[in-house]
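2 protein chains.
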Amino acid sequence: MPQGKVASVPDDGLSTRQRRNRPLLVVHTGEMKGKSTAAFGLALRGWNQGWSIGVFQFVKSAKWKVGEEEAFRALGRVHEETGQGGPVEWHKMGAGWSWTRKAGTEDDHAEAAREGWAEIRRRIENQVHDVYVLDEFTYPMKWGWVDVDEVVGVLAAREGRQHVIITGRDAAPALVEAADLVMQTTKIKHPMDAGQKGQRGIEW
Amino acid sequence: MPQGKVASVPDDGLSTRQRRNRPLLVVHTGEMKGKSTAAFGLALRGWNQGWSIGVFQFVKSAKWKVGEEEAFRALGRVHEETGQGGPVEWHKMGAGWSWTRKAGTEDDHAEAAREGWAEIRRRIENQVHDVYVLDEFTYPMKWGWVDVDEVVGVLAAREGRQHVIITGRDAAPALVEAADLVMQTTKIKHPMDAGQKGQRGIEW
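Just so you know, the protein sequences line up as chains A and B, in that order. For the first sequence, the residue numbers in the UniProt record's numbering are 1 to 204. For the second sequence, the residue numbers in the UniProt record's numbering are 1 to 204.
One or more of the hints may lead you astray.
Put simply, identical chains are the same to the list, so a pair is met inside one copy or across any two.
[What the hints assert, rightly or not] Capping the alpha-carbon separation at 16 Å, the derived lysine to aspartate or glutamate pairs in EDC-like fashion look like this:
| # | residue 1 | residue 2 |
| --- | --- | --- |
| 1 | K187 | E31 |
| 2 | K189 | E177 |
| 3 | K187 | E177 |
| 4 | K142 | E111 |
The hints are simulated quantities; they were obtained by calculation from the structure and are not laboratory data.
Based on the sequences and whatever the hints tell you, model everything.
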């Protein structure tokens, strides 16, 4: 648990309160497990603050469904029914982004990824959510489908309180440079090393 | 995302299915953010499987309340009311463990930690939960309040499907040795380095 001590006080003209409430760009990178789970664990905190949570999964398969999705959808319903927590939207590329209403973008991942980013950009510019989880979003940037400099520019110019959490391996240097918080997860030991395959409740 | 390939097939007399469904001991260790958030993110998957979730937080303060607690309590109510997901229990040392019904164990953390472990041991022996999150449990072991070898022995002998997730810095070598999955989180960059203090929705 952080002790609340800061390494240095920057000469940025901001008060401690202003600096404290600056929205964060968080990057969770590294190997295998832990990146997305940590991002969704963090989003639970935002939900509990009553914040609007927008999840955008840049995964290829329409079928891939993680337990977090069902849990967050349940939390979204809790918000609708009782007012506790915040609203939740969960969008997935593989199934065809829900706002495009067209199924099967499986054939053109690059185009689907660009559509996803264009929508996220619109939402950021309109301050739609308080927390954006851009899951596996490093890959469209890595593969050149989405321009890293444009992403960094849009994030740098974002207004209000909009926390952005990006997960995935091989985060671009410009993204790491722009981020406030970068966490890397390293596998020290994994069951697959001992011949154990992934299992439900753990891997998904 | 893991591809489901294993590095080697062990000569342990188990079928792939048996091996696949072996319960895991997971240790999330490393610096600052990401350990507990990843553990709770993982527990969301278990909840979605309809599993019984037991969280035991070995934190000192009764006041410390993270957003995950409220979110998981809400998910527990979703289970009670609709049958979706699994039941959730959340216990905290700092407030006095709920089962002892005595407040203010703040004066003897060692005794409170031992009580917590004794209860967890009983539950594991009685197969009460499917997922145990023992948050910050490395510290009572590090400080000698709870015997590491006893913990490792109880976990090794546990029956049925009981996944155990332990978080905290400085995990004991015997615990790491016994674990199936060990993830370490490393801070590459943190807002406190730039003079930004912790903020709600992010740090708690």
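Those earlier numbered hints the structure runs against, lowest number first: none
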